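Each chain is listed here by its residues.
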Amino acid sequence: MADIRNNFVGIKSPNPFWLASAPPTDKEYNVVRAFRAGWGGVVWKTLGEDPHVVNVNGPRYGAIWSGDRRLLGMNNIELITDRPLQTNLREIKRVKKEWPDRAMIVSLMVPCEEENWKSILKLVEETEADGIELNFGCPHGMSERGMGSAVGQVPEYIEMVVRWCKQNSRMPVITKLTPNITDIRKPARAARAGGTDAVSLINTINSITGVDLDSFAPEPTIDGKGSHGGYCGPAVKPIALNMVAEIARDTETAGLPISGIGGITTWRDAAEFLALGAGNVQVCTAAMTYGFKVVEEMIEGLKNWMDVKGHATLDDVIGRATPNISDWQYLNLNYVTKARINQDLCIQCGRCHIACEDTSHQAITAIVDGKRRFEVIEEECVGCNLCVNVCPVESCIDMVALEAGALDKRTGEKVDPTYANWTTHPNNPAARQAAE
Amino acid sequence: MAQGQFKDGIAAGRLSQAQYSENFSDLHPPLDRHEAVVEADRCYFCYDAPCLQACPTSIDIPMFIRQIATGNPLGSAKTIFDQNILGGMCARVCPTETLCEEVCVREVAEGKPVQIGRLQRYATDVAMEAGRQFYERAASSGKTVAVVGAGPAGLACAHRLAVSGHAVTLYEAKPKPGGLNEYGIAAYKTVDEFAQSEVDYVTAVGGISIEYGMALGRDIALAELAAKHDAVFLGMGLAGVNALRAEGEDASGVENAVEFIAGLRQADDLATIPVGRRVVVIGGGMTAIDAAIQSKLLGAEEVTICYRRGKEHMNASEYEQDLAASNGVVIRHWQQPKRVVAVNGTTVGIELEYTRLVEGKLVGTGEVVTLAADQVFKAIGQTFDAAPLNGSGNAIALEKGRIKVDEEGRTSMTKVWAGGDCIFGGDDLTVSAVAQGRDAAMSIDRALMG
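For the record, the sequence lines run as chains L and Z. For the first sequence, position 370 (counting from the first letter as 1) is numbered 370 according to full-length UniProt numbering, and the numbering increases by one without interruption. For the second sequence, position 33 (counting from the first letter as 1) is numbered 33 according to full-length UniProt numbering, and the numbering increases by one without interruption.
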């Protein structure tokens with residue numbers, strides 16, 4: 001049986017599934033329930049200075065759904081904890097004592113002055129928590145007060161605050177990054193320069209989930225008005241995966257531990273984050289949608305996959321996909337694929353045809369010999385994969401790679417067995433210059 | 001002797017009022033908004049969709065379903081009504097399992113088609129309950145058209161003509177409009193007076209007046225209509241019923257299934273409708289199924305359908321056959337009626353002869369079986385009665401006993417079009433009658449305005 005015990009920057013937990021700093025980790029009551037359900041650790045909902053913040057008393061969450069109201073994405077305008085600091089500290093200490101094998105990380109957000117950080121770090125250390133996470137990500141409310149993503153969007157501030165924390169605390173420091181920036185590598189590099197032990201990402205994405213077309217107010221709507229909130233849930237996973245990958249493969253941040261966050265709903269999502277370089281994962285929306293029990297599926301699913309694939313420990317998985325992340329310019333232009341439709345599986349919906357006909361390369365028939373039939377016209381197929389994506393039947397359409405030496409009917413040329421990319425392509429002006 | 005539900009002979013009031021209302025409630029309860037959106041989400045929005053091709057009225061099914069999915073049921077209803085103004089009734093009575101849903105790619109893929117009929121009902125219900133009218137009449141053309149028969153064909157024709165600006169007079173022999181929608185469909189398929197509400201909805205466009213109690217050949221003559229109006233559309237359906245051609249079929253207890261179904265639909269109190277303790281229905285089509293199931297629902301103890309050919313030859317769809325079986329109706333194949341057994345003129349049984357196919361021809365085997373029966377329903381097809389065409393009878397050509405029309409619905413007589421069950425070449429479906437009425441209206445419009 002695969003061993004999924006996790007050691008993240010020295011913080012040990014029985015599995016790599018932590019609950020992210022968010023409403024599910026705001027109180028002892030919730031956290032104890034989470035630990036009972038099997039979660040490996042929690043990042044306690046962000047603490048701030050007293051007097052504690054207040055939240056709106058109207059809707060805090062907005063969402064988008066599929067037709068059957070499966071939650072695809074959610075946003076929130078909730079702030080950091082709205083309970084007194086001492087209440088939280090007392091509960092953190094008690095829970096850590098009762099659950100010593102679980103990871104207890106405390107998320108923090110205070111004004112950008114060294115004294116403010118110094119004083120709260122001291123209080124947190126007294127709880128015996130395993131580490132801290134710096135909330136530089138929260139995109140609403142706190143950012144208007146010069147905290148959260150207002151810090152996370154300025155690499156110099158990140159570096160400065162991380163340095164203060166490292167200098168004033170023995171605890172491991174995890175720096176949580178906001179995705180609301182142009183290049184995620186910049187804040188990650190700044191965190192590393194400041195001495196951070198790890199980064200965690202992504203925090204939520206600035207968003208408006210919808211507009212009420214009767215009141216013409218954005219959602220969630222508070223007394224006729226709305227504000228952008230932080231977007232999360234399954235919809236953000238691809239964005240988060242890319243940002244994790246960018247940091248994992250950046251030469252300046254390579255090797256920096258990453259706690260992966262963003263739309264993780266199943267063991268498979270988690271495994272993908274690990275493969276791209278995350279050392280563990282944090283979950284929130286899935287728990288908020290289904291309750292804490294989902295972790296059972298994540299744990300068992302991950303173990304099962306590792307057993308089937310022969311991966312003994314998490315280290316056998318973490319970062320395995322990182323070397324395969326490349327820049328476009330290095331992709332092999334001599335790799336040629338063609339779509340192939342399995343006629344036995346085809347249910348004749350015709351979506352591949354109309355997608356290709358209207359929006360791509362006119363490479364799929366609708367009628368063959370007077371009959372409704374969808375076949376790939378290899379002379380036109382560029383191998384774009386759109387037909388695969390719009391086909392409602394799994395594995396009905398495959399992208400088949402042409403073997404070296406085979407004829408590409410579209411170009412009329414034989415597939416070259418050698419690897420060749422854009423950097424050396426004759427159409428590349430830069431390549432021409434280099435040759436001259 | 002047994003009383004109550006199991007009373008011998010033909011008797012009314014076999015069940016309690018609670019049982020009647022439960023038995024005759026909506027066969028397929030309507031989808032609510034969420035159910036409709038979830039079901040609509042299953043539609044793949046196919047290219048050149050097979051369902052659309054299979055619909056006799058060519059409703060743009062993927063589009064109307066997408067409109068439901070996107071929260072636009074009124075737009076969805078308009079998409080339906082654009083092709084089929086009786087889309088509400090068709091949603092209830094179409095044998096979708098042999099039309100759109102049979103060819104749905106999800107039926108092909110997983111044996112579970114998108115429930116197109118129920119989605120169509122959802123959208124049309126929303127629009128009709130809101131009283132939303134989508135069509136405005138064109139400026140008056142000054143032309144008048146007579147439409148004979150206020151059934152599906154006549155109503156569809158009248159609506160399209162009225163929208164085009166013509167003034168329509170509908171001549172209906174019965175006291176109520178709707179034709180088979182009102183008189184010929186099992187009660188549990190169209191509850192809550194839906195047929196009448198639909199007629200009101202269709203005629204609300206304006207320009208359509210209905211004259212009741214006006215039977216062609218009795219109260220009005222075709223030549224007279226043709227002289228008085230710029231065009232005439234005949235949609236009077238089928239008035240005759242085929243005979244059993246079995247000895248003793250004049251006995252008391254032998255009845256027309258069509259009349260039984262009509263009587264049931266018109267009854268204010270189902271407890272007043274008599275039904276036999278043991279009922280035998282002769283036939284293999286939808287009428288046979290409707291009569292058999294409703295006999296059972298009225299409290300008959302034993303109901304048997306006898307059909308002279310095999311299961312695969314029945315006109316009733318497999319779904320309808322299963323519906324009958326699940327209601328406790330026994331279907332016997334390869335048996336044809338030979339003799340009604342009567343005592344003192346009252347039916348007590350029916351003698352049937354086994355049949356088989358010999359070189360494609362149905363023949364009796366000589367072996368007979370007798371079933372006890374208090375009531376025997378004839379459901380072996382209806383026939384067109386050409387007599388009411390009276391004076392003009394010679395001028396209108398028939399084909400195999402029904403009115404002959406060209407591809408636009410024109411009869412052999414100038415200014416006269418026809419559609420629905422009374423024409424040759426139809427398939428006895430409500431939805432086909434609607435298509436024929438609509439298309440004839442467009443042909444009439446072209447002729448009048450050309």
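Misleading hints may appear alongside valid ones.
Said to hold, decoys possible - Here are some, though not all, of the chain L residues that point toward chain Z, as calculated from beta-carbon distances under 8 Å:
{"hint": "1", "residue": "G10"}
{"hint": "2", "residue": "P14"}
{"hint": "3", "residue": "I64"}
{"hint": "4", "residue": "D68"}
{"hint": "5", "residue": "I347"}
{"hint": "6", "residue": "Q348"}
{"hint": "7", "residue": "R351"}
{"hint": "8", "residue": "I354"}
To be verified - Subject to a maximum C-alpha distance of 20 Å in a straight line, what follows is the list of computed SDA-like cross-link-like pairs (lysine to any residue):
{"hint": "9", "chain 1": "L", "residue 1": "K371", "chain 2": "Z", "residue 2": "Q53"}
{"hint": "10", "chain 1": "Z", "residue 1": "K112", "chain 2": "L", "residue 2": "K97"}
{"hint": "11", "chain 1": "Z", "residue 1": "K112", "chain 2": "L", "residue 2": "K371"}
{"hint": "12", "chain 1": "L", "residue 1": "K97", "chain 2": "L", "residue 2": "A193"}
{"hint": "13", "chain 1": "Z", "residue 1": "K174", "chain 2": "Z", "residue 2": "A187"}
Since the hints were derived computationally from the structure, they do not count as laboratory data. If you're wondering where the values come from, they're calculated on a predicted model, not measured in any experiment. Note that beta-carbon positions come from the ideal geometry of N, C-alpha and C, so glycine has one too.
So, going through the hints one by one against the coordinates:
The closest approach between the C-beta of G10 of chain L and any C-beta of chain Z is roughly 48 Å, which is over the 8 Å cut-off, so the hint fails. Checking P14 of chain L against chain Z: minimum C-beta separation of about 39 Å lies over 8 Å; hint violated. Given the 8 Å rule on beta carbons, the hint for I64 of chain L is violated: about 14 Å separates it from the nearest Cβ of chain Z. Given the 8 Å rule on beta carbons, the hint for D68 of chain L holds: about 5 Å separates it from the nearest Cβ of chain Z.
The interface hint given for I347 of chain L holds, since its Cβ lies 4 Å from the closest Cβ of chain Z, which is under the 8 Å cut-off. For Q348 of chain L, the interface hint holds, since its Cβ comes within 8 Å of a Cβ in chain Z; the closest pair sits about 6 Å apart. Proximity of R351 of chain L to chain Z holds as hinted, the smallest CB-CB distance being about 6 Å (cut-off 8 Å). This hint holds: I354 of chain L has a C-beta 4 Å from the nearest C-beta of chain Z, less than the 8 Å allowed.
Annotation: proposed proximity of K371 of chain L to Q53 of chain Z holds, straight-line Cα distance about 14 Å (limit 20 Å). With a C-alpha separation of about 55 Å, the suggested pairing of K112 of chain Z with K97 of chain L is violated against the 20 Å cut-off. With a CA separation close to 24 Å, the supplied pair K112 of chain Z and K371 of chain L exceeds the 20 Å bound. Restraint check for K97 of chain L and A193 of chain L: the C-alpha separation of about 33 Å exceeds 20 Å, so the hint is violated.
Taking the CA atoms of K174 of chain Z and A187 of chain Z, the gap is about 18 Å. The hint holds against a cut of 20 Å.
Violation of the numbered hints given earlier is confined to hints 1, 2, 3, 10, 11 and 12; the remaining hints are satisfied by the structure.
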